[in-house]
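A.B. asks: If you want the building blocks of each chain, they are given just below.
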Amino acid sequence: MGVLQEKDKEYLRNEFSKLKNDVRLILFTQEDGCTYCSDEKMLMDELSSLSPKIKVEYYDYGGQADKKDTYKVDKFPALIIEGAKDYGIRYYGIPAGYEFASVIEDIMDVSQGTTNLSDNSKTRLKAINRPVRIQVFVTPSCPYCPKAVRTAHKIAIENEFVTADMVEATEFPDISNRYSVQSVPKIVVNDDVEFVGALPEDQFVDGVLSALEQH
Amino acid sequence: MLLSDLTIEKTKEKPSCESYDCVIIGGGPAGLTAGIYTARARLKTLLLEEKAIGGEIVVADIVENYPGFPKGISGSDLTSAMEEQARSFGVEICEVGAHSIAVEGDDRIVNTTDDRRIVSKAVIIAAGTESVKLNVKGEKQFTGRGVSYCAQCDGAFFRDKEAIVIGGGDTAIGDAIFLTRFVRKLSVVHRRDKLRAEKILQEKAFGIPIIEFIWDSVVTEIKGAKTVQAVDIKNLKTGTSSTKRTDGVFIFIGTKPNTLFVKDIVTLNESGYIITTSEMGTNVPGIFAAGDVREKTVRQVSTAVGDGATAGAAVQRYIERLETVRE
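Taken in order, these protein sequences are the chains called A and B. Numbering of the first sequence is given in this note's numbering, commencing with residue 9 and proceeding in unit increments. Numbering of the second sequence is given in this note's numbering, commencing with residue 8 and proceeding in unit increments.
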């Protein structure tokens, strides 16, 4: 039983043997009105079974308002991947299909507390001195989306003011409509700047920094 | 989709070494096949792919003309199997782009987009193609707001809506068929009076009642407010123009080669494709090209695979000669 194939589990066990700090997968779900909550729970259980360093925590979105506030999550299912601290990595909607790869890579990164962003990007990101929220809208069938999600999440790891959300667009049609999402990946920064496509790292950083110039 | 189809990326974020026997630029069918051949020849092989492993075919809903899969196979399943095969023989795959290639004596240098310098004995350019823009008013403004170049990625946003597909080739018609899973009505706008797509795809498309064909016509403007609402269509035969209501515009009018980064080093034809010999050699010894990126008439997974095998074997012979001369 389970969702992962044995050969994938073996690959992941080996990858996870390189983990440094413990990683917590914190998942907010709700019994009613959530198509993929139980699937995502099953997936997280399976991931945590592959390494003693991966722990899971489950919260009820409706019933545990204090936790919801602590993590500032505003919809469900919501997944937070936390390392030595909460780096601001969020997944809204199930990270299935191509996005599953992003979860694995995020786990590796938060455990180390570092990313492979270029030195130039890391220096430029230091200019961010107030809260920035990056939303990356995706669909699970989009092969170009994980790159955008990962770039946003790496930026969140590198800068404490940044929160970066993956938003599975088809699970949140109202929010997708609000931002007129009809192609993915679509990136929205602080409601002020938006762009479409998995841009190269330097251009992605340009986009995020340009949000600071607004207002 | 979803839980039955979890992708586990095994691509590294940076190369583990500074020198290789063969660097392959591009991770589509041509590059992956070349890697299978060079790795089996025990050449130390690095494959660079900037976007998504699998190349352009990765977003094909179904590939029915690649031998060995009588029921067809999705582009992503096909290329992830190729990837697994290449990896199993030792090809190292990295998520980095190539910025330029240089020649220094017997060394071929690949400079990457993350400012790394990789030394190799041989290079195979298998960088493929990318989709061409329509270049009409409104296209840029509505990109991501109804204008799309990826049916697989964005089809779900057009559930119960109306969309148009521009183009008449295999990709256009294959994706038009795919989009009918979502849309209420689909119009194919094509500038000629017949399609270029495979006959079998044409027959399938003609048999779907919700697909309408608008022949001899081009889209001259994409209009809307927040998102796309309509397109202006001009009939090239009669010269008359009309406005058609639509929610989405999928553009598949052709491709152009990803050769800007090598234009100063290898000879290109006037359309930008790399000119090669039948053994995939370019004008520069030790630099080869394979797949859609080179000048040829048939751009299919099956021909890309053939190119990749030929290039991989050519690299092996080239390196053997190089080493004989040195001895």
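Hints were generated in silico from the structure; no laboratory data involved. Here the structure is a predicted model, which is why all the values come from computation and not from measurement. Glycine included, each C-beta is placed from N, C-alpha and C at the ideal position. Careful: at least some of the hints might be erroneous.
Stated by the list, open to error - Label-pair distances were calculated between CB atoms; the ranges are:
#	chain 1	residue 1	chain 2	residue 2	range
1	B	Phe213	A	Lys28	56 to 64 angstroms
2	B	Asp84	A	Arg21	19 to 27 angstroms
3	B	Lys303	A	Ser218	38 to 46 angstroms
4	A	Asp77	B	Gly261	46 to 54 angstroms
5	A	Pro139	B	Ile282	27 to 35 angstroms
A.B. asks: Please go over all the hints and tell whether each is borne out by the structure.
C.D. replies: Hints versus structure:
1. B/Phe213 <-> A/Lys28: 56 to 64 angstroms: This hint holds: roughly 59 angstroms between Cβ atoms.
2. B/Asp84 <-> A/Arg21: 19 to 27 angstroms: With Cβ atoms ~24 angstroms apart, the hint holds.
3. B/Lys303 <-> A/Ser218: 38 to 46 angstroms: At roughly 42 angstroms between Cβ atoms, A/Ser218 and B/Lys303 fall inside 38 to 46 angstroms, so the hint holds.
4. A/Asp77 <-> B/Gly261: 46 to 54 angstroms: Holds, since A/Asp77 and B/Gly261 (Cβ atoms, about 52 angstroms apart) stay within the stated range.
5. A/Pro139 <-> B/Ile282: 27 to 35 angstroms: Taking Cβ atoms as reference, A/Pro139 and B/Ile282 lie about 53 angstroms apart, which means the hint is violated.
This entry does not satisfy hint 5, going by the numbered hints stated previously; all others are met.
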